[in-house]
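Asker: Using the sequences plus the hints, can you model the full thing?
Chains as they are written, first to last, in my numbering: chain A, 12 to 272; chain B, 240 to 572.
Simulated from the structure, these hints should not be mistaken for lab results. Please note that the accuracy of each hint is not assured.
To be verified - Not the full set, but computed from the structure, chain B residues with beta-carbon under 10 Å of chain A:
hint : residue
1    : 247
2    : 248
3    : 255
4    : 261
5    : 265
6    : 298
7    : 302
8    : 430
9    : 558
10   : 561
11   : 562
12   : 564
13   : 568
Note that the structure is a prediction, hence the values are computed from the model and not measured. Glycine included, every Cβ here is placed at the ideal spot set by N, Cα and C.
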Amino acid sequence: MTHFFAVALLFTLSLTLWRGSYSGHYVSVLALVPLWACTFLGTYRNIVDKRRSLLLATLKQSSGLIKLLTGRFVPALISMAISLFSVLLFAFSMLLAEPIQVFAAAAIVVTSALLYFMLLRMMRRHINDLAISWFAASSATAILSVSFFVPYAIMEWAFVQRPGFIRLEFDEAMLHALQGLPQRGDWINELFLLFSAAEYAKLWLAARFTGTAIPGVLYAAHSALICFAIASCAVGVASFCYHYLPKTPDWRTPQSQGAER
Amino acid sequence: MSENRNTSSVFAKFFWGAIIALAIGTVLLVAVGLWRSTQTSGPPVAESRSADVQEVPQELDIGTSTLLDYFRRAAGTAVTITAGEVDALLDELYSPVYAGIVAYADFHYTVLGQYTELVGAALGTATDAIEQKLFDGFTERLEMVSQRIDSRFSEEFERALMDEMRSDIPSHLHDVPLTPLAQRAIDDALSRANVTVPVATVMATVGGAAALKTVSAAIAAKMAAKVATKAAIVGAAKGGGLMGGIGAGALMGSWGGPLGAAAGGVIGGAVTCFAVDAAVINIDEYFRRADFEADLRQTVDEHRAVVRQKMMQAIEGKADDLESFTLRALGEN
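Answerer: Rendered as structure tokens:
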């Protein structure tokens, strides 16, 4: 449970500070650094483990290639891409989120982390130590993304309040949409203006083509993307906690220092 | 193994260090927010109204839900006032069209008008001719009326919003500047009231060139039926008169020999044709002009009713544009 609470604590503090301070200064992006770092390290470790599992299953124990093919560079690139994309998309969606969207995101984070830890426990008897984390992470991300994206799309469709200006002509709607964010000109602001433009363009299309398949397709794709991003972040951080945090904090049980998990 | 433990230890320290830093940052953020709100803003409007305290804060805070109530009520007032002005504007818009009906009837009941309509019906140019005679400059006038409605809505929304706020906020706080957040929300609403879906855009689909073609084509179709009926009556009347006219003309021209008789026959025939046309048209005008004008007026009335309905919807739509919606609600509308 320590790991689960650590995950919940990191998400709560990081995103609260980010959302609360973004309008003030771009330095607020520092609040996302721990979240990104933990997501990156957790995802990286899972991908490395997966590659190592494959190598160990493929190569003979006597092969000298085992030491040569460490499989670290490509996992670093992949986990960098996944963690940056997931954290930035999640952070942006939280910036404009209504309470119901925050609640849905919290539910996805909590369920993803719980599922990951449950799978770790349940699969321990069947799966090697080296493979258990990436297996649990992949399974939890896939299960969560698939099972949450329909309810999430319904929530977006039925309960999230959209600004009335989106029914204006495209240019005017976009102008209003972009005015909703601080106009500071810093790099993070420019990046989020792009996210914002994409978000409102999608909303404009959905509002304009009500009664056709376009809104359904757009919101299904959007929901799948958001659910994947949130689940990836949550599972990445949970993996980080599993790999690098002692189950019981050192300050509570000094004798546990040095003990292997 | 020792290296792994060291790495884990570093990461664990980083994690808990980050948690502590984030917690401190969050607490500071909350503290600064609370401090600023107590320093710079006065009590919420609802509380300050009932309080006896006459202390004047540096900035006045208005809650989001209160602001949304103001916007909703102001938009309702703006819709009521603007919609009340629509009929007068439509009278102005359609008065040249109704005046054009009398002028068109004058033209319709002439021999030239009759032949022009016959040729128009045969060549398919009647629709354009009617549009030009009845609806000349209508699209431009409609655009101007729509722009006036847009600007009236915007003015009335601003006035109603200010009235709402003035009546709701205690008088001793009237001159107190609003908090940046509240001021920005109000500026945003005012700016949105200026650029909500313009009535002109909506009206372009119902009163624009394409729609005028439709109403003109409807009039042209009615006209073609009337002209065809009249042509049949004229044809029957001409049957007997024409031979007499040719005979009389030929007799009068016979002093000039065979050529003179032929020319006299042609002229006599033409004069008879014209005389029969003029007589039938005059008789038709005497008995049916009132019905003809009423028929045209009814067609224009129907067009006006459609334009009015769309204009009202466009005005109500402007109020909707100031409010938020869910995609489900949008789909149900």
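Asker: None of the hints should be skipped; say for each whether it holds.
Answerer: Structure-based check of all given hints:
no.	hint	in the structure
1	247	5 Å, holds
2	248	8 Å, holds
3	255	8 Å, holds
4	261	4 Å, holds
5	265	5 Å, holds
6	298	17 Å, violated
7	302	15 Å, violated
8	430	8 Å, holds
9	558	9 Å, holds
10	561	5 Å, holds
11	562	5 Å, holds
12	564	6 Å, holds
13	568	9 Å, holds
Of the hints listed earlier, those the structure fails to meet are numbers 6 and 7, in rising order.
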